[in-house]
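Number of protein chains: 2
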Amino acid sequence: MSFTAYVLDVVSNTFFPARITVENGIFTEVTPITVNEKLNIDVKGLVIPGFIDSHIHIESSMITPAQFAKIAVRHGTTAVVADPHEIGNVLGIEGIEAMIENAKAVPFNFYFSAPSCVPATSFETSGAVIDSSDIEYLLKKDEIVALGEMMNFPGVINGDEEVLKKLELARQYGKPIDGHAPLLTREDLGKYLEQGISTDHECSNIIEAFEKKMKGMKIMVRDGSSAMDMEGLFNINHALENIENPEKLGVIFRDIFKKKVYSPLFDFIVSDDKHPDDLIKGHLNLSIKKATRLGIDILKAISMVTINPSRHYNLNCGAIVEGAKADYVIIDSICDFNILETYIGGECVFDGENVLFDAPEIDARNSINATKKSASDFDVLYDGDECEVNVIECFDGDLLTKKTTAKLRTKNGVVQSDSYNDILKISVVERYGGGNITNAFIKGFGLNKGAIASSVAHDSHNIIVIGYDSETMAQAVNKVIDDKGGIAVVSEDFNESLPLPIAGLMSNEDAYDVAHKLDILHKMASALGCKLKSPFMTMAFMALLVIPSIKISDMGLFDGEAFEFIDVIKN
Amino acid sequence: MSFTAYVLDVVSNTFFPARITVENGIFTEVTPITVNEKLNIDVKGLVIPGFIDSHIHIESSMITPAQFAKIAVRHGTTAVVADPHEIGNVLGIEGIEAMIENAKAVPFNFYFSAPSCVPATSFETSGAVIDSSDIEYLLKKDEIVALGEMMNFPGVINGDEEVLKKLELARQYGKPIDGHAPLLTREDLGKYLEQGISTDHECSNIIEAFEKKMKGMKIMVRDGSSAMDMEGLFNINHALENIENPEKLGVIFRDIFKKKVYSPLFDFIVSDDKHPDDLIKGHLNLSIKKATRLGIDILKAISMVTINPSRHYNLNCGAIVEGAKADYVIIDSICDFNILETYIGGECVFDGENVLFDAPEIDARNSINATKKSASDFDVLYDGDECEVNVIECFDGDLLTKKTTAKLRTKNGVVQSDSYNDILKISVVERYGGGNITNAFIKGFGLNKGAIASSVAHDSHNIIVIGYDSETMAQAVNKVIDDKGGIAVVSEDFNESLPLPIAGLMSNEDAYDVAHKLDILHKMASALGCKLKSPFMTMAFMALLVIPSIKISDMGLFDGEAFEFIDVIKN
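If you read the sequences in order, they're chains C and H.
Read in numbering that gives the first Met the number 0, the first sequence has 370 at position 371, and its numbers run on one by one without any break.
Read in numbering that gives the first Met the number 0, the second sequence has 350 at position 351, and its numbers run on one by one without any break.
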């Protein structure tokens with residue numbers, strides 16, 4: 000196949016008309032041409048490399064890799080480096096292999112990393128353990144291009160043997176190691192880096208990014224559904240405010256913000272998590288537009304999702320040069336940045352209207368091993384009229400919580416919610432056959448009746464439920480169990496769910512259907528009084544023990560600062 | 000040699016600490032590293048690729064290639080694509096080979112283009128003709144990487160046989176063809192491009208650059224001594240003013256200025272001409288700083304003088320990647336951009352204080368073949384008291400002139416200057432043995448006594464002289480002849496010169512000495528009443544026939560719009 004087109008060259012940082020030839024999925028010719036009156040350019044639009052999301056958990060999109068590919072190509076994405084950390088926590092190697100197999104069935108460049116931290120902590124029950132021998136098994140696979148984000152930085156710093164073994168294996172197999180080290184600094188950061196961990200996607204301010212960059216990390220700027228760090232990093236005024244001590248920048252980079260030459264600081268734009276309702280609107284195409292609005296050069300922005308990740312993970316795509324994989328996108332205009340067509344390996348996969356491949360289903364076993372619950376399973380008992388309880392206070396879409404307390408009344412020995420003060424009940428129901436339940440209290444959701452439940456609850460994905468009363472909480476949890484996983488909203492008026500039968504995390508349906516159902520559930524939660532924009536996402540973070548201050552697991556209420564369990568009822 | 004350093008990577012558009020190994024002048028290892036507490040970075044500064052000036056006439060610097068290299072490495076320049084068009088006009092192939100030989104004697108990457116347009120016109124006497132067989136002789140040389148700027152665009156458009164033969168030869172030898180086509184547009188531009196001419200450094204406004212870019216030319220943004228187009232092209236407000244009809248931008252690029260995503264429009268930054276007084280202050284290092292002040296991303300600016308020219312001319316330098324020539328520069332800071340050290344092929348050539356190589360001299364034959372002149376040679380005779388004359392009106396540093404007239408008195412049959420109205424005498428003395436002299440009048444120099452003369456007079460470099468009276472004009476010309484070429488200022492009080500014995504264009508002295516002597520001459524011209532900042536440069540353009548409106552050659556006063564000779568004295 001041979002054609003003429005305007006091409007954006009991310010190596011030379013320019014565009015030009017060119018004759019392009021693709022053979023066997025590879026660019027075999029990219030020759031700049033001149034255009035005279037006789038020559039027409041075949042392609043109506045600008046040809047740019049397909050986008051690469053170098054850090055994403057596909058499970059957060061609640062759809063299979065194949066369905067993810069179908070929606071992603073509409074937005075110009077042609078490759079991802081996916082960390083199957085969520086399914087790894089639920090189904091272990093079996094789940095990861097199901098993801099890889101499903102991914103292989105579609106014409107999309109799926110690369111995976113081996114999840115390094117399963118389970119995330121020992122303070123919760125997960126469905127699987129991925130140990131160093133599993134990691135070696137995974138690293139041997141061609142589809143696995145990296146060791147996934149090393150979230151256990153205390154383990155690295157303190158020399159945990161199993162952690163070090165995993166890192167050693169990645170180095171041995173010559174695969175990059177992704178990092179995850181929010182606010183890690185100075186000597187601790189140095190120890191973390193000694194292990195060859197080379198990326199970080201947790202920087203939320205410029206000084207943090209600067210230190211990590213100077214120490215050799217590649218900075219992934221996150222622009223996803225749950226965390227949007229891009230404004231904090233790219234906004235020059237915000238950056239300047241953050242620099243209390245400009246001398247921290249050192250000689251080489253002093254005044255880079257004042258003189259607006261800070262673009263070399265950043266390496267990749269990643270989404271990390273992209274929820275279905277966001278994913279149907281766009282992906283990295285929107286991130287590029289946002290980056291340019293924030294003052295980043297368009298060429299730099301495009302580099303961050305093309306040639307840079309390609310070079311880091313050795314992907315042989317991400318540039319329209321001879322010898323590279325023919326993954327490209329036609330956009331209408333460099334300003335509007337609408338995706339007209341998407342090509343992978345030289346084949347059209349999105350023609351502007353339709354996606355030209357089918358998504359096979361994942362036929363996963365039921366991962367929910369839990370018996371039906373009754374209302375009393377969710378009761379917090381107290382012998383007295385009133386008690387003081389520890390409360391998780393949460394904020395819309397925020398991973399961080401605040402530890403607070405409340406005085407609650409009892410009724411027949413059962414501690415009651417207090418909708419006037421927005422103190423609701425929260426429980427985590429173990430779903431891996433053990434039967435644990437932890438019941439506690441939460442502030443911030445605003446429900447004045449009913450309950451919401453979900454089997455998406457980071458990182459172990461037990462069933463989490465928040466509600467006004469034990470009865471609807473039991474109904475919501477049972478609905479999730481009946482669905483083999485999913486999200487449910489239950490009240491006198493509602494009994495609706497989004498089934499996520501694949502590991503309790505994903506649906507075989509397409510992104511639009513899943514987003515639509517999620518939208519219905521959002522509206523129902525809202526009708527029940529919930530003030531949060533993202534109640535299910537916020538709820539899912541309430542079980543993420545590694546992020547302070549106070550969280551909940553199936554084993555108990557957890558103080559993330561002291562890193563220990565605490566009592567629900569204060570003595 | 001192996002060391003650790005912070006490296007600016009122009010392929011990935013980022014920087015990182017790396018271990019760098021250089022063997023036999025080539026980067027054999029560029030490995031990103033992480034930096035912990037134990038590791039020191041060897042290099043104090045940031046390692047960036049050496050700069051490449053992809054279009055320069057070294058003769059304009061009035062020094063030899065070797066001396067040019069000595070000053071250029073102080074500014075971080077490690078390579079140039081030089082068009083020896085000036086010496087070609089004077090000495091032909093012999094001169095070009097002297098340049099190449101001198102260039103080879105120093106550790107600097109000199110690449111040359113074969114001058115395509117010698118002589119520039121048939122309306123002047125030049126020292127040489129470079130025909131298509133000479134071009135073939137030159138294109139066979141490894142040092143010649145391109146066919147030099149094709150200024151004869153009428154010849155291309157009208158299908159001049161000899162011109163087409165030169166272009167065909169360049170295509171045959173697989174060497175890029177540089178363009179020079181100010182304001183060429185639409186069908187004429189299309190015909191020009193059919194010949195495979197692929198660069199243009201003459202764009203002075205954004206619409207012109209846009210059309211040429213869309214048609215496949217690579218845009219060289221000029222930031223030199225005589226022409227500074229950078230402000231016109233990079234300044235966003237200026238760009239917006241220039242766009243009267245935004246629809247001209249077409250669909251793909253509409254709103255690129257409004258949305259500030261216009262950086263892909265530009266390919267290279269070049270100097271074209273760099274005079275000694277400017278060259279001692281800086282070179283492309285200053286252009287990069289200026290570009291960032293004008294809003295161009297620092298990475299884009301650096302790309303324009305590193306990887307982009309390297310890819311276009313197949314130079315295997317311009318990036319710090321494995322397999323590339325180890326040409327690099329250490330700068331103190333990405334903002335201040337001071338050059339600390341310069342390396343070529345892995346060898347230090349500038350250590351921050353001294354240049355570590357010597358510049359051999361060019362032992363050129365005397366190129367001035369002209370007999371001494373007497374005052375009467377410069378007389379314009381008229382039989383009457385007063386006559387009306389055609390006058391060249393010039394403007395400081397401008398190639399363009401305006402045709403005007405003046406009434407002048409005679410004395411003993413000789414037409415006199417009129418210093419009150421700033422009408423001076425101008426003459427061009429042929430210096431290739433033929434003995435032609437043309438005498439005419441010029442407005443704009445402001446001399447109220449004395450004369451200035453120079454053998455630098457584009458493109459044929461005959462001796463040009465401007466003065467108040469015939470006597471000092473003869474003395475000034477004779478001084479230039481005695482010096483075997485150069486620039487002279489002569490009056491009652493002054494008799495000073497800058498000898499340029501190499502083709503009447505260059506000195507074997509170093510840039511500082513030449514700049515110093517030029518500075519003295521500037522001050523003398525100023526003392527004689529000259530108001531121009533650059534009198535010698537402006538004077539040198541007065542013989543450049545291809546730029547309108549009215550110029551002078553050894554053959555006569557020339558109307559550049561009608562493209563014919565006109566009389567000095569109006570009938």
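These are computed hints drawn from the structure, not numbers from a lab.
Treat the hints with care, since some could be wrong.
For chains that are exact copies, the list does not tell them apart, and a pair is met inside one copy or across any two.
[Claimed, not checked] Each computed SDA-like pair below joins lysine to any residue, with the alpha-carbon atoms no more than 25 Å apart:
(1) K259 x E230
(2) K401 x R18
(3) K164 x G154
(4) K258 x E230
Structure-based check of each hint:
Within a single copy, K259 and E230 get their C-alpha atoms as close as 15 Å, and across copies as close as 18 Å, so both meet the 25 Å cut-off. Taking identical chains as interchangeable, the C-alpha atoms of K401 and R18 are never at most 25 Å apart, the minima being 59 Å within one chain and 45 Å between chains. For the identical chains of this complex, K164 and G154 are intra-copy neighbours only, at 11 Å inside a copy versus 72 Å across copies, given an alpha-carbon limit of 25 Å. Proximity of K258 and E230 under a CA criterion of 25 Å is satisfied in both settings, with 19 Å inside one chain copy and 18 Å between copies.
The structure is inconsistent with hint 2 alone, although it conforms to all the rest.
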